[in-house]
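Spelled out from the first residue to the last, the chains are:
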Amino acid sequence: MTEWFTENGLLLGLAVLDGLAYAGLVFLVAVGLNLVFGVLRIVNVAHGSLFAIGAYAAASLGLFFAARGLPAWAGYAALLLAAALVGLILGPPIERLVLRRIYGHEESLQLLVTFALFMILEDVQKLIWGVQPVSNDGPMKLLGTVDVPFGEDVIPFTAYQLFVLPGLALLTLLALAWFLRRTLTGRVILAVTTDKEAAMAMGIDATRVTLLTFTFGAALAALGGALASPTTALVPGVGAQTIVLSFAVVATAGLGQIEGAAVSALLIGLGRSAAVYFAPEFEVVVPYIIMVAVLLVRPQGLFGVPETRRV
Amino acid sequence: MSGQASRTGAGRLAPPGSRHRLELALAIGGALALILVAWAVPWLRFILTIALAKGIAVLGILLLLRAGQVSFGHAMFLATGAYTVAFLAPSVPEVLILVPLGGAIALGLGLVVGLFVVRYRDIFFGMLNLALSMVLYSLLEKLYALTKGTDGIRVARLTFAGTEPPRETQEWLMFGLALGLALVFGLLVRAYLASPMGQALKGIKTRETRLEFMGVPARHVLLFAYGFSALMGGVGGTLVAMTSRHVTPLLAYWTSSGELVFIAILGGAGSALGPFLGATAFELVRVYAAAAVADAWQMILGAVLLAVILFAPGGVWGILSARLKGRAA
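Residue numbers (the working numbering), protein chains in the order written: chain A, 38 to 348; chain B, 960 to 1288.
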């Protein structure tokens, strides 16, 4: 065992650091998917496309800012601005024009409608940004690297992935928990999640809450994409990967669980990056293996509450 | 308003006699029309064979739709059939052996996967299928030594009942085989859906608990349908591989599963003819849309899917049968 550690310790350290950064990103996307499901009762297959479009928009905006000679920190403003814009521009029309027509329909039908949205958004993304890789690593370069002490060695790691990604994910988690439990709007959202009819009977405007939640969820997906954009070159197909991964996170946690999503994002993020370093063939499989293993034992997910079947 | 909950659902009540006669007449007419088109426009023969093969796989989706379940992972069975052909063609080039073999292996996989997924419903059913198909996809992509990764495998030369006919004849043979199997599976599915076992599928959709009260084990009903659908997915996959002569992991990607479900909805879940109507329409739209607007064909398909779900929930079959019935009355 100790022998294994002296040989592979550094790799393990890298895997943990990578896993944390990755878990942060996955959490942001998954929590948006979860929030939207809670209120709309729809698993939005197009959520991954919003992630991808957020990433592309952030890269373009960042490059545009840099070209206009704005200071380097403006790159960070570009990330947040792109996420907000994507949420505000795409969220409301999707909810009002399409999803609103299918509330309360069969789940299979709802999945299909969002699949159709996914197909449309994928091509929108290709039409705007083409199929050539797009990349803007300005924000990541700005912060440079940090030497992380690890036993006798040090691991040089980008400060962006070490602090910004996990930090922002944690911040989002805390802010979201506070928002949902301590503010009026948040509690209204929770009320609709728990029991829509009762909430409406109390005079809550469910239509407005749905619109708000979907827009917010879309912005969270776009934020995940925007934050991921400096770390990688963007190519078509990111959206398709992201949605299955974030669904794995959500299903592992239990549908509708916010804090649970953070735990399972950590589990899946660390699991995946361990696979990247020690068994690269299985990198893509690991999240699903974790999910299937959890669902075999607890069909409602790690933190989910079993739902009684209606007679 | 775009309607109530039971939209994809089939089985509006109609006098069984007239309905069956109509279906049969349309099936024979459709088959003749396909043969005519394949003869008149040779380059469409390839597309129509693929459409028929996919139609067979979509029949499986239709069975699950009857139970109100949508699988976003059925491409895994299509890929299983296709890779069976690609792996075995060098040693067993016989088409008449490979087709049933691919179906049998897919059936085996389907029963194993089915034991797990039939415990779940709705979103979880759909997404677990998706997850498992992605596992297969990444294995096909990553085990390079076996599968040649994303490059895929070229299918070796095939023999038909021991002979190796020239190319043109081979294309006709594949087309004929696909058409014949489509008719056989179409009839089988119709008989199955009319049987008590098939009727119980509808019970899973409306109220599963009532089914259990009647002493019908819902999981068994669904498992049987799942196995059957996996078998048809596998057979469809072997035909796709034999026609296109090239298999890639993309066959198992979740978006190709989505495509199968799309075809089922496009054609209409009301009849065993639906999948073939849908598959033909889908492949033709894809060919022409891809030629006209190469970058936006997926967007067009997505818009069509939305329009069908929101405005024509019976699919092509629904529109057709309503028309024909209107004329008869």
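No lab work stands behind these hints: they were computed from the structure. Just so we're clear, the structure is a prediction, and the values are computed from it rather than from any experiment. Treat the hints with care, as some may be off.
To be verified - Cut-off 25 Å, straight-line C-alpha distance, at most; resulting in silico cross-link-like pairs (SDA-like, lysine to any residue):
| no. | chain 1 | residue 1 | chain 2 | residue 2 |
| --- | --- | --- | --- | --- |
| 1 | B | K1164 | A | Q337 |
| 2 | B | K1164 | A | G106 |
| 3 | A | K163 | A | L179 |
| 4 | B | K1164 | B | L1070 |
| 5 | B | K1107 | A | V342 |
| 6 | A | K163 | B | A1248 |
| 7 | B | K1101 | A | V329 |
| 8 | B | K1107 | A | S172 |
| 9 | B | K1107 | B | K1161 |
| 10 | B | K1161 | B | L983 |
| 11 | B | K1101 | B | S1215 |
| 12 | A | K163 | B | S1097 |
| 13 | A | K178 | A | A109 |
| 14 | A | K163 | B | A1266 |
Stated by the list, open to error - Distance windows between CB atoms, simulated:
| no. | chain 1 | residue 1 | chain 2 | residue 2 | range |
| --- | --- | --- | --- | --- | --- |
| 15 | B | L983 | A | L164 | 38 to 46 Å |
| 16 | B | T1165 | A | E296 | 35 to 43 Å |
| 17 | A | P186 | B | A1251 | 37 to 45 Å |
| 18 | B | A992 | A | F315 | 50 to 58 Å |
| 19 | A | A330 | B | L1209 | 22 to 30 Å |
| 20 | A | A235 | B | L991 | 33 to 41 Å |
| 21 | A | A330 | B | L1283 | 34 to 42 Å |
| 22 | A | A212 | B | M1156 | 49 to 57 Å |
| 23 | A | Q169 | B | E1053 | 39 to 47 Å |
| 24 | A | S172 | B | S1203 | 45 to 53 Å |
Unchecked claim - What the simulated footprint calls covered on chain B by chain A, stretch by stretch (three residues with Cβ under 8 Å from a Cβ of chain A suffice, anywhere in the stretch; the number is not a length):
| no. | segment |
| --- | --- |
| 25 | 1215 to 1225 |
| 26 | 1230 to 1241 |
All residues carry an ideal CB built from backbone N, CA and C; glycine is no exception.
So, going through the hints one by one against the coordinates:
no.	hint	result
1	B:K1164 <-> A:Q337	holds, 20 Å
2	B:K1164 <-> A:G106	violated, 60 Å
3	A:K163 <-> A:L179	violated, 29 Å
4	B:K1164 <-> B:L1070	holds, 21 Å
5	B:K1107 <-> A:V342	violated, 44 Å
6	A:K163 <-> B:A1248	holds, 16 Å
7	B:K1101 <-> A:V329	holds, 20 Å
8	B:K1107 <-> A:S172	violated, 29 Å
9	B:K1107 <-> B:K1161	violated, 42 Å
10	B:K1161 <-> B:L983	holds, 23 Å
11	B:K1101 <-> B:S1215	holds, 19 Å
12	A:K163 <-> B:S1097	holds, 24 Å
13	A:K178 <-> A:A109	holds, 10 Å
14	A:K163 <-> B:A1266	holds, 22 Å
15	B:L983 <-> A:L164: 38 to 46 Å	holds, 45 Å
16	B:T1165 <-> A:E296: 35 to 43 Å	holds, 36 Å
17	A:P186 <-> B:A1251: 37 to 45 Å	violated, 60 Å
18	B:A992 <-> A:F315: 50 to 58 Å	holds, 57 Å
19	A:A330 <-> B:L1209: 22 to 30 Å	holds, 27 Å
20	A:A235 <-> B:L991: 33 to 41 Å	violated, 59 Å
21	A:A330 <-> B:L1283: 34 to 42 Å	violated, 51 Å
22	A:A212 <-> B:M1156: 49 to 57 Å	holds, 53 Å
23	A:Q169 <-> B:E1053: 39 to 47 Å	holds, 45 Å
24	A:S172 <-> B:S1203: 45 to 53 Å	violated, 34 Å
25	1215 to 1225	holds (count 4)
26	1230 to 1241	violated (count 0)
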